[in-house]
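Got chain A; can you put chain B on it based on the hints?
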Amino acid sequence: MEHRSYKTDLWVDWCPGCGNFGILTAVIRAFEELSLDPSKTVIVSGIGCSGKTPHFVNVNGVHTLHGRAIPFAMGIKLANPQLTVVVHGGDGDLLGIGAGHFVALGRRNIDVTVIFHNNGVYGLTKGQASPTLPLNTKTKALAKPNIQQAVNPVALALSAGYTFVARGYAFDGEHLKNLIKRAILHKGAAFIDVLQPCITFNDVYTAEYYRKRVYKLEDEGSWNPVVERPGDRSSKLLKAIERSFEWGDRIPIGVFYEDAHTTTLEERFSQRLKVYPAVAPSNSRIAESDGRPVVDRRRFEEVFREFIVDVEGV
Amino acid sequence: MPREEVGVILGGPQGSGIETSMMVLTRALARHGFGVIADREYFSNITGRHSYIHMLISSKSIPRAVRYPVDIVASMDAETLFTHISDVGVGGYIVYDTSVAMKKLEEIPSIEDTTKSRIAEKLRGLGVDTTVSSILRFLERERGCRLVGLDFAALLRRLLARYRIEPRLLSRYVSGIIVSAVATLLNLDRRAIEYSLSLQFGGREELVEQNLELLKYVEDGMQSLRGAVALEKPRQSFRKILVATGNDAVAMGKIVGGLRYQSYYPITPAADESFTIERHEYSSVDGVDVGPVVVMQTEDEISAVCSAIGAALAGARSATATSGPGFDLMVEGLSWAGANEVPVVITYYQRGGPSTGQPTRGSQSDLFNALFAGHGEFARIVISSGDHEEAFYDAVEAFNLAERFQVPVIHLLDKFLANSIKTTPLPDVDSVRIVRGMVTGGGRGYKRFDLSSTVSPRAFLGAEDTIMWYTGDEHDEYGHIVEDPENRRAMYSKRIVKMDMILSEIPRERKLTVYGDEDPEYIVVGWGSVKGAALDAIEALSRKGFRGAYVNVRLLWPFPGREVLEILTRVPSNRVVAVEHSYGVLISDLAAMAAGVRIRRGVAKFTGRPITSTELEEALHKIITSGVERVVLSYGA
Numbered sequence: 004m005e006h007r008s009y010k011t012d013l014w015v016d017w018c019p020g021c022g023n024f025g026i027l028t029a030v031i032r033a034f035e036e037l038s039l040d041p042s043k044t045v046i047v048s049g050i051g052c053s054g055k056t057p058h059f060v061n062v063n064g065v066h067t068l069h070g071r072a073i074p075f076a077m078g079i080k081l082a083n084p085q086l087t088v089v090v091h092g093g094d095g096d097l098l099g100i101g102a103g104h105f106v107a108l109g110r111r112n113i114d115v116t117v118i119f120h121n122n123g124v125y126g127l128t129k130g131q132a133s134p135t136l137p138l139n140t141k142t143k144a145l146a147k148p149n150i151q152q153a154v155n156p157v158a159l160a161l162s163a164g165y166t167f168v169a170r171g172y173a174f175d176g177e178h179l180k181n182l183i184k185r186a187i188l189h190k191g192a193a194f195i196d197v198l199q200p201c202i203t204f205n206d207v208y209t210a211e212y213y214r215k216r217v218y219k220l221e222d223e224g225s226w227n228p229v230v231e232r233p234g235d236r237s238s239k240l241l242k243a244i245e246r247s248f249e250w251g252d253r254i255p256i257g258v259f260y261e262d263a264h265t266t267t268l269e270e271r272f273s274q275r276l277k278v279y280p281a282v283a284p285s286n287s288r289i290a291e292s293d294g295r296p297v298v299d300r301r302r303f304e305e306v307f308r309e310f311i312v313d314v315e316g317v
Numbered sequence: 092m093p094r095e096e097v098g099v100i101l102g103g104p105q106g107s108g109i110e111t112s113m114m115v116l117t118r119a120l121a122r123h124g125f126g127v128i129a130d131r132e133y134f135s136n137i138t139g140r141h142s143y144i145h146m147l148i149s150s151k152s153i154p155r156a157v158r159y160p161v162d163i164v165a166s167m168d169a170e171t172l173f174t175h176i177s178d179v180g181v182g183g184y185i186v187y188d189t190s191v192a193m194k195k196l197e198e199i200p201s202i203e204d205t206t207k208s209r210i211a212e213k214l215r216g217l218g219v220d221t222t223v224s225s226i227l228r229f230l231e232r233e234r235g236c237r238l239v240g241l242d243f244a245a246l247l248r249r250l251l252a253r254y255r256i257e258p259r260l261l262s263r264y265v266s267g268i269i270v271s272a273v274a275t276l277l278n279l280d281r282r283a284i285e286y287s288l289s290l291q292f293g294g295r296e297e298l299v300e301q302n303l304e305l306l307k308y309v310e311d312g313m314q315s316l317r318g319a320v321a322l323e324k325p326r327q328s329f330r331k332i333l334v335a336t337g338n339d340a341v342a343m344g345k346i347v348g349g350l351r352y353q354s355y356y357p358i359t360p361a362a363d364e365s366f367t368i369e370r371h372e373y374s375s376v377d378g379v380d381v382g383p384v385v386v387m388q389t390e391d392e393i394s395a396v397c398s399a400i401g402a403a404l405a406g407a408r409s410a411t412a413t414s415g416p417g418f419d420l421m422v423e424g425l426s427w428a429g430a431n432e433v434p435v436v437i438t439y440y441q442r443g444g445p446s447t448g449q450p451t452r453g454s455q456s457d458l459f460n461a462l463f464a465g466h467g468e469f470a471r472i473v474i475s476s477g478d479h480e481e482a483f484y485d486a487v488e489a490f491n492l493a494e495r496f497q498v499p500v501i502h503l504l505d506k507f508l509a510n511s512i513k514t515t516p517l518p519d520v521d522s523v524r525i526v527r528g529m530v531t532g533g534g535r536g537y538k539r540f541d542l543s544s545t546v547s548p549r550a551f552l553g554a555e556d557t558i559m560w561y562t563g564d565e566h567d568e569y570g571h572i573v574e575d576p577e578n579r580r581a582m583y584s585k586r587i588v589k590m591d592m593i594l595s596e597i598p599r600e601r602k603l604t605v606y607g608d609e610d611p612e613y614i615v616v617g618w619g620s621v622k623g624a625a626l627d628a629i630e631a632l633s634r635k636g637f638r639g640a641y642v643n644v645r646l647l648w649p650f651p652g653r654e655v656l657e658i659l660t661r662v663p664s665n666r667v668v669a670v671e672h673s674y675g676v677l678i679s680d681l682a683a684m685a686a687g688v689r690i691r692r693g694v695a696k697f698t699g700r701p702i703t704s705t706e707l708e709e710a711l712h713k714i715i716t717s718g719v720e721r722v723v724l725s726y727g728a
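Top line first, the protein sequences correspond to chains A and B.
Position one of the first sequence corresponds to residue 4 (the working numbering), numbered consecutively onward.
Position one of the second sequence corresponds to residue 92 (the working numbering), numbered consecutively onward.
One or more hints might be untrue.
What the hints assert, rightly or not - Cut-off 20 Å, straight-line C-alpha distance, at most; resulting in silico cross-link-like pairs (PhoX-like, lysine-lysine):
#1 K538/B - K10/A
#2 K324/B - K307/B
#3 K195/B - K43/A
#4 K219/A - K190/A
#5 K215/A - K242/A
#6 K219/A - K184/A
Bear in mind the hints are in silico, worked out from the structure with no lab data behind them.
Extracted from the complex, chain A is given alone in its bound form (with noise of 0.2 Å):
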């Protein structure tokens, strides 16, 4: 398929030199290498720089509320399961004001794509301090050190349930566009931290900063992430967690856990609906041609007769 029909011809109007520019390229050449159909793929985000994400890709594009697109995105996913959904959010809008949703899909596992836009700021309101800087780290448009403690979010993507949990770098594009594919391909919530400078309002956490620190995992021949059977998991997953805290002169990206064999919400659903997910919300019929319900009377009758009293006039 040719390079420009994943890219709309709109301006990209975030500011030159940022690392959402990366983010972007890898996701459309993710899409192009997997021939994702765009009319059955859904880019949904929330509120920020990342908000504007799913303008500039040539797919479906849901543009939320601040912090909401986790819950837009299973509303999607959930009516219709055919669909690939992808989510983009910053660390203000997922681990801010959202981290409940953020929290809430990991419980549930549904087959959805996480792609954390983490820069440490809220950009467009022009620099404030995210949930994911350090404590005492002054960014050039705070007026005093942050006086906040950053949270860890692969670690609480391990520990909300997130069954593939990985951390990109938005400039190594090749490496971030295959953790994407893989994101994607896997059956589940998948979550990727991609560690994206801000070059107006991030004077620590630079394209600089990084790409002195930043190693792959996969380069180190023992590691492996994978759950190989339901047994490993909590090892693998103390494995991760450990990891995870690594951070300062080295900074591990690459897959740190990755699970298949916890069922997803909509398999869960399957069990209880029968006929879903062939048969889901957005296909199932619900009216004959004419108009009339496809509840008749007489199915009315037996679907709901716990609420029917035969009248008897004894």
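Just chain B, lined up with the frame of chain A:
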């Protein structure tokens, strides 16, 4: 002499099976062919606080509202007797446990102190001691009540002697004593009780048998009272009847209407609706799928509304259900749905606010919240239902309106309707129609927000060869962010002018219905669950020579100002009375704003208890016969 109607209060501590008593009695009465309505009053509490069921049973029709005084007070405990001393009428029957006779008001910890002192003061005024026995003597002496004292413990011991029942489960059978006593007074047929018990305890035959045995013991002790409060032969001819709450009626309506995604966060009094939907999330009837409905309990109401919107974008009929505090959390999502012309339904059960307020009590004070919550201007539809039957059809219609006009729809109900149980004729589902509005398969170059029509043809996410964008930002026809002023003018207006379209396309009977006299001297205006009491009050007053009409407003937004104005100007302005479960009688302000009509007379009730037919009749009588402008009601424990 047999009666046309009988009022009953069943009272006891929360968690003691009072709801079971209500269900068993109601289904047995329905089996006979009687009409029943039962209001459920309870605290925000799991175990121990006073709850009661207020029923009206009718042989001639389906009752529309409850009234005072009642003919039977059946009590599980002393608190019921202290609390409902004023509620029983002359010649009424009091069922009680003889072991509580010596209980004193002061000893009952579950009665709130303010209530306790109010009751104590009332008793002092009546010259009655604060013991159960003196209350009973008073009721017998002054009100001619018949006392039906039963030794609950002895009855249960007899049961225990015959069946192997774990002693700690014995208290569950107290609800059976209440059922048995009331059934005996009403002279209900044993087979009807058996039928009802079988429905209640489906499959647990030993419970049916034990409860029937208990019925025998209670009947033995009440030989002379059998049929003391008998009803006339039922005059209705339904072969089948629904026994359901308002929550259930909405759940059934939603499923018939094609609901496919329902989200919720647990909140009273909305959660029961989602429970009912979940029980019926999928059925296969003769190989035909009814469903599947994905029911999601979300992490909060924000997720509830946002995921419902997401499901709607994918083409599912989707909804969420909540009450005031939850709706407040949904408002940002509501505005997004308005901006993106998403057909999503929010079923909004009002309860007593502000804040947690009275979480298990009823209210209509969120009218303006439903109408005006949200930032920016956009079209929405707010409908309300006057009773269980309307609630069913409106639940279907909410989806039709949402999809026809591509707007969020709020179905505004309240706790009274949600939790009250009523016998209702089976809905005529064959008359229901599913109308999905402008739907397209999309295609290349698809414009989701095509400006060539007010309602743009809607393709679903996932449509073949179709790509679309949605954004909360102002957008162009494709759904991309655009801040151009001319586009803003066109797109912003497109969404708002739908209001005119809605008003011109919704038929009059869906906007409001008028009941009562065709040539009224006075007109009552209300919405939602006021309907039943209003119709009863107007009928009662017409028997006293006052010709009245009731305007049941069903479309609250956009407000049908022209139709309301046309009706209200039929009588002098001092003959128009608004009625509402609120302090402000907000529908008056709405009429002033949207129809230019000043309604100067009002009946308000904001105790959290329902407006009863009796007190509304008195209030209306006072207003139309004297210069009184405002009556505030407060009856009910």
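So if I understand the rule, the pair passes when the alpha-carbon distance is 20 Å or less; does K538/B with K10/A pass? 18 Å, holds
Agreement of K219/A and K190/A with the hint, judged by alpha carbon distance not exceeding 20 Å: Since the Cα atoms of K219/A and K190/A sit roughly 23 Å apart, the hinted pair is violated (cutoff 20 Å).
Between K219/A and K184/A, does the CA-CA distance stay at or below 20 Å? 17 Å, holds
Does K43/A sit within 20 Å of K195/B, going by the straight-line distance between their CA atoms? 71 Å, violated
Holds or violated: K215/A to K242/A, with C-alpha atoms at most 20 Å apart: 24 Å, violated
Proposed proximity, K307/B with K324/B (alpha carbon, max 20 Å): 24 Å, violated
Checked against the numbered hints above, the structure violates hints 2, 3, 4, 5; every other hint is satisfied.
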